[in-house]
Amino acid sequence: MNNDQSFTDQEFKVVGTRPKRPDGVDKVTGRAKYGADASAPGQLVGLMLRSPHAHASIKKIDTSKAEKLQGVKAVVTAADLPDLTGGPGDNFYILENCMARDRALYDGHAVAAVAAIDKATAKKALKLIKVSYKKLPHVTDVDKAMKPNAPIVQPHIQQDGKPSNIAANYEFGHGDVEAGLEEADVVVEKSYKTEQTHQGYIEPHACLASVSPDGTGELWVTTQGHFHFRNVCATLLGMDISKLKVTSSEIGGGFGGKTHVWIEPVALALSRKSNRPVKMVMSREEVFRASGPTCSTSMDVKIGAKKDGTITSAFIECRYMDGAFPGIWGMLGGMTAWACYDLKNVKAVGIDVLCNRPKVAAYRAPSAPMMAFGVESTMDILAKELKMDPVKLRLHNVAREGTRASYGPTYGPIGIEPTLEAVKNHPHMGARLKKNQGRGMACGFWFNIGGQTCTDLNIGVDGSVSLTVGTVDVGGSRASLGLIAAEELGIEYEQVKVHIADTASLGHNDTTEGSRGTFSSGMATIFAARNAKDELCQRAAKMWDIPVSAVVWKEGKAVAKGKRHNNLAPLTIQEIAAKSPTTGGPIAGHNEVTADGAGVSFASHICDVEVDPETGATKVLRYTVVQDAGKAIHPDYVEGQFQGGAAQGIGWALNEEYIYGDDGLLQNAGFLDYRIPVCSDLPFIDTKILEIPNPNHPYGIRGVGETSIVPPLAAIGNAVTNAVGVRMTHVPMTPPRILKALDEAGG
Amino acid sequence: MSSVLVSTTINGDPIEFACPQDESLLEALRDRMGLTGVKEGCGTGDCGACSITLDGNLVCSCLVLGVEAEGRNITTVEGMADGEKLHPLQQQFIDNAALQCGICTPGFLISAKALLDKNPKPTEKEIRYALAGNLCRCTGYDKIVRAVQAAAKDLRKKKR
Amino acid sequence: MLKVGFTGSLMSSVNGQAQVDVEAGTIRELLSRLVQRYPDLAEHVDQGIAVALDGEIYRDDWSKPIPDGSAVFLLPRIQGG
Numbered sequence: 001m002n003n004d005q006s007f008t009d010q011e012f013k014v015v016g017t018r019p020k021r022p023d024g025v026d027k028v029t030g031r032a033k034y035g036a037d038a039s040a041p042g043q044l045v046g047l048m049l050r051s052p053h054a055h056a057s058i059k060k061i062d063t064s065k066a067e068k069l070q071g072v073k074a075v076v077t078a079a080d081l082p083d084l085t086g087g088p089g090d091n092f093y094i095l096e097n098c099m100a101r102d103r104a105l106y107d108g109h110a111v112a113a114v115a116a117i118d119k120a121t122a123k124k125a126l127k128l129i130k131v132s133y134k135k136l137p138h139v140t141d142v143d144k145a146m147k148p149n150a151p152i153v154q155p156h157i158q159q160d161g162k163p164s165n166i167a168a169n170y171e172f173g174h175g176d177v178e179a180g181l182e183e184a185d186v187v188v189e190k191s192y193k194t195e196q197t198h199q200g201y202i203e204p205h206a207c208l209a210s211v212s213p214d215g216t217g218e219l220w221v222t223t224q225g226h227f228h229f230r231n232v233c234a235t236l237l238g239m240d241i242s243k244l245k246v247t248s249s250e251i252g253g254g255f256g257g258k259t260h261v262w263i264e265p266v267a268l269a270l271s272r273k274s275n276r277p278v279k280m281v282m283s284r285e286e287v288f289r290a291s292g293p294t295c296s297t298s299m300d301v302k303i304g305a306k307k308d309g310t311i312t313s314a315f316i317e318c319r320y321m322d323g324a325f326p327g328i329w330g331m332l333g334g335m336t337a338w339a340c341y342d343l344k345n346v347k348a349v350g351i352d353v354l355c356n357r358p359k360v361a362a363y364r365a366p367s368a369p370m371m372a373f374g375v376e377s378t379m380d381i382l383a384k385e386l387k388m389d390p391v392k393l394r395l396h397n398v399a400r401e402g403t404r405a406s407y408g409p410t411y412g413p414i415g416i417e418p419t420l421e422a423v424k425n426h427p428h429m430g431a432r433l434k435k436n437q438g439r440g441m442a443c444g445f446w447f448n449i450g451g452q453t454c455t456d457l458n459i460g461v462d463g464s465v466s467l468t469v470g471t472v473d474v475g476g477s478r479a480s481l482g483l484i485a486a487e488e489l490g491i492e493y494e495q496v497k498v499h500i501a502d503t504a505s506l507g508h509n510d511t512t513e514g515s516r517g518t519f520s521s522g523m524a525t526i527f528a529a530r531n532a533k534d535e536l537c538q539r540a541a542k543m544w545d546i547p548v549s550a551v552v553w554k555e556g557k558a559v560a561k562g563k564r565h566n567n568l569a570p571l572t573i574q575e576i577a578a579k580s581p582t583t584g585g586p587i588a589g590h591n592e593v594t595a596d597g598a599g600v601s602f603a604s605h606i607c608d609v610e611v612d613p614e615t616g617a618t619k620v621l622r623y624t625v626v627q628d629a630g631k632a633i634h635p636d637y638v639e640g641q642f643q644g645g646a647a648q649g650i651g652w653a654l655n656e657e658y659i660y661g662d663d664g665l666l667q668n669a670g671f672l673d674y675r676i677p678v679c680s681d682l683p684f685i686d687t688k689i690l691e692i693p694n695p696n697h698p699y700g701i702r703g704v705g706e707t708s709i710v711p712p713l714a715a716i717g718n719a720v721t722n723a724v725g726v727r728m729t730h731v732p733m734t735p736p737r738i739l740k741a742l743d744e745a746g747g
Numbered sequence: 001m002s003s004v005l006v007s008t009t010i011n012g013d014p015i016e017f018a019c020p021q022d023e024s025l026l027e028a029l030r031d032r033m034g035l036t037g038v039k040e041g042c043g044t045g046d047c048g049a050c051s052i053t054l055d056g057n058l059v060c061s062c063l064v065l066g067v068e069a070e071g072r073n074i075t076t077v078e079g080m081a082d083g084e085k086l087h088p089l090q091q092q093f094i095d096n097a098a099l100q101c102g103i104c105t106p107g108f109l110i111s112a113k114a115l116l117d118k119n120p121k122p123t124e125k126e127i128r129y130a131l132a133g134n135l136c137r138c139t140g141y142d143k144i145v146r147a148v149q150a151a152a153k154d155l156r157k158k159k160r
Numbered sequence: 001m002l003k004v005g006f007t008g009s010l011m012s013s014v015n016g017q018a019q020v021d022v023e024a025g026t027i028r029e030l031l032s033r034l035v036q037r038y039p040d041l042a043e044h045v046d047q048g049i050a051v052a053l054d055g056e057i058y059r060d061d062w063s064k065p066i067p068d069g070s071a072v073f074l075l076p077r078i079q080g081g
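Protein chains in written order, with the working numbering: chain A, 1 to 747; chain B, 1 to 160; chain C, 1 to 81.
Next comes chain A alone, as it looks inside the complex:
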């Protein structure tokens, strides 16, 4: 059994090619089933009643009339769910967000739910539920929430003995930034703001819950982590984890927003109460109001440098708006802020602040894009001040193998310098710009994670291979995993079929997040395949009646080595599998691994824009992504991640924001006014995949899914700044904001 995860630097036969993905036909014919596509006989429609106030105490909920309505089979409020007040933070917050107990903490916070025979009846029932609210003062702005007399969102969270909305304060760095400023020839500083955005997955949250009176349950759900959902839902409903079976549907986008439960525990509670299956689907408006968008921020950056461009002091403080429940967003951002650079004196401060807005969830490299906007914009300000080329300035201060990272550890082999060199030499940098056009570049960093992974590899009697994994396929990883299994076994890609198992069929698998899917399941697949090869060699030895030490696996076959056995023709998988019933039974390779050492990844982006000085409208003319992937197992899907992350970043930079009124209510809870990029907004997005192998993965894989959303805010910010001649400090840079900035600059 060879579970060594070190990089093997091998020549690949199938890894790195571009075969068709295995789930493609189902997805282009409408056969693939997503969260809302399953139905069960006798199913009820579940609907949620949500708070119309930004902050209110719930005096009383009278559900009697709703319960009496014909066709209503169950009504649920917090009274039907466990009271976890005072218990461990995580579960308390999760449940409180799923169903408010004493207070509604944001516009859209769930306060009750019904299950009825059809949608019309459920809607009527919601109207019959009488909730007595007492409105409370609310706060939706991160800076206002930090002020001494701000309305308090979670009174048990305290600073200096007093209730506070400041939930946490994290600091990272080394050296002495003040002393560093003394050494500097030039000091630049700026403050920035970024508004709240949503992951914007096209598929709303949806599930089909079915709980039986015998205490077992089934949940069909669109999710990034069905094992995590199982653990949380079972715990919240007081069920044994093994009694709840969760099946992940195909997922219509997640980007971090489907790593948490939102409606699922309530759907299960409704099903348990009514003893019927309950289908619950969020409307688009509910998705915006009551799932998990990302933080808005406000931040201050200060950089000091010598005339030659050497940075002597690098500081950022970023205040993250967490919504109504505390998260670790300040911590994640603080760790990534200065990661691209080799700095003697560096400090990054991340602060988590509560507001009356929905609970923030992860959004693709969570917290990193905001601080990168501040850092990379200020790097350009510094470059201008020093009359230095922006890429050269970054290269002058770039982190390398052996650099002490701004978040602490010393880097192994990393890709930031290669991406910057690639950008410097890219034809995009030399293309001519016309009037009102500007070019910007920026870099970014993300950690990537590994995690618990469990994989089965089974060989059918015809020699075809069934690979069963537990990581939800969000972006096409099934193709990559099939390639890895085929590579390791030495067989054709088409001989492998990849399945995503439900929670009853495999041991625990962590959620697909943190760019871990291909890395972790890939590693488990390699180890499972190695186990299978050992077993195949055992069987061949039996078939030949020779010691197993004389058998090796080579190019998809068992080969008997040594002169004594050279009369034995190699055996294929098919031949060995055909005889498996008599050589020991089913042939399988299995692996559980806690994949770790996922390898950090870096990216540099270049962007050209044209800004209409009359309307402030920005057109993206050209966009290039350069990112280190370690090893691109299936290059089409690596490119897809680069392009997708860039597109989300472009939308965030130019148009997307949550707009709250003075009444604390969300004004643009729909795709019309929450404007994500459409096809005509974007050009083709060029990609360049660099491969600096991750020393901790047999194939050198690094996570790729997230990093591409980190540079765009600043790349666009720098491009727009260069186009209009005024520094952009507020994301999104919508037409009114650009015009306002131009006005204020007198021009």
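None of these hints come from the bench; they were simulated from the model.
The beta-carbon is built from N, C-alpha and C at its ideal position, and this holds for glycine as well.
Some hints could be false.
[Stated by the list, open to error] Covered stretches of chain A (in silico footprint by chain C; criterion: 3 or more residues with CB under 8 Å from a CB of chain C, positions within the stretch not fixed):
| hint | segment |
| --- | --- |
| 1 | 228-241 |
| 2 | 363-373 |
| 3 | 444-450 |
| 4 | 506-517 |
[Unchecked claim] Result set (DSBU-like, lysine-lysine): computed pairs, CA atoms no more than 30 Å apart in a straight line:
| hint | chain 1 | residue 1 | chain 2 | residue 2 |
| --- | --- | --- | --- | --- |
| 5 | A | K619 | A | K384 |
| 6 | B | K125 | A | K434 |
| 7 | B | K125 | B | K157 |
| 8 | B | K159 | A | K20 |
| 9 | B | K118 | A | K542 |
| 10 | B | K85 | A | K20 |
| 11 | B | K153 | A | K688 |
| 12 | A | K344 | C | K3 |
| 13 | A | K619 | B | K125 |
| 14 | B | K125 | A | K20 |
| 15 | B | K121 | A | K619 |
| 16 | A | K740 | B | K153 |
| 17 | A | K497 | B | K85 |
| 18 | A | K127 | A | K273 |
| 19 | A | K65 | B | K158 |
| 20 | B | K118 | A | K619 |
| 21 | B | K153 | A | K619 |
| 22 | B | K121 | A | K33 |
| 23 | B | K125 | A | K688 |
| 24 | A | K302 | A | K392 |
| 25 | A | K60 | A | K33 |
| 26 | A | K13 | A | K497 |
| 27 | B | K157 | A | K435 |
[Stated by the list, open to error] Among chain B residues calculated to face chain A with C-beta under 8 Å, some are:
| hint | residue |
| --- | --- |
| 28 | G41 |
| 29 | V77 |
| 30 | I103 |
| 31 | T105 |
| 32 | P120 |
For this one, chain A is given, so just place chains B and C on it according to the hints.
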């Protein structure tokens, strides 16, 4: 609200169904006829995931009432392939990796087909504007546009 | 003997030190010895911690052996999206 009996043609087949007068065609297709290839992304006509053609015209089925299907011809993604032979658009979407999560794909296929039925040789700009009513959050549209360009070529070759 | 570094937020749990010396062969041993010496660290270890060895971040694999002379750093537990 009482239900109305509707007689219509879906993907070439004569179909009858009953639905309340305020039910959308999207809901009727998905919930009454099990045609779950048509997706609800927003319910308000902003995302295009529910795209179908109605008598050859591209529409968002969430903005059409179920009863309006009476006597009309509906095409959904389930009707694009010819038996087990995929439509060139479907094949090119797979070959060009023009889908990641795939939720928007049925809508894009219907919209792209509606475009190519009217304009067999679209420019890149024409493709982008024709597809601007379909939202995709995963791909950045790059490979989708390339797939449509490739399919347009395939279809023009077939015609000759 | 390993030199173990701490990031800002964790420093307060180790009496404000940026670096301490510890003997340990695996991540598990390292964390257990540190918690013995600095009980305030226990809360962070329970809530979630990551260990960087020569620049590579490890979150879960506590049986990972730490080669002599590795540069070790303790970080809060990262997650993704």
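Hints versus structure:
no. : hint            : verdict
1   : 228-241         : violated (count 0)
2   : 363-373         : holds (count 4)
3   : 444-450         : holds (count 5)
4   : 506-517         : holds (count 4)
5   : A:K619 - A:K384 : holds (24 Å)
6   : B:K125 - A:K434 : holds (20 Å)
7   : B:K125 - B:K157 : holds (22 Å)
8   : B:K159 - A:K20  : holds (26 Å)
9   : B:K118 - A:K542 : violated (65 Å)
10  : B:K85 - A:K20   : holds (16 Å)
11  : B:K153 - A:K688 : holds (27 Å)
12  : A:K344 - C:K3   : holds (20 Å)
13  : A:K619 - B:K125 : holds (14 Å)
14  : B:K125 - A:K20  : holds (27 Å)
15  : B:K121 - A:K619 : holds (25 Å)
16  : A:K740 - B:K153 : violated (46 Å)
17  : A:K497 - B:K85  : holds (21 Å)
18  : A:K127 - A:K273 : holds (20 Å)
19  : A:K65 - B:K158  : violated (64 Å)
20  : B:K118 - A:K619 : holds (28 Å)
21  : B:K153 - A:K619 : holds (28 Å)
22  : B:K121 - A:K33  : violated (33 Å)
23  : B:K125 - A:K688 : holds (24 Å)
24  : A:K302 - A:K392 : holds (20 Å)
25  : A:K60 - A:K33   : violated (40 Å)
26  : A:K13 - A:K497  : holds (18 Å)
27  : B:K157 - A:K435 : violated (41 Å)
28  : G41             : holds (4 Å)
29  : V77             : holds (4 Å)
30  : I103            : holds (3 Å)
31  : T105            : holds (5 Å)
32  : P120            : violated (19 Å)
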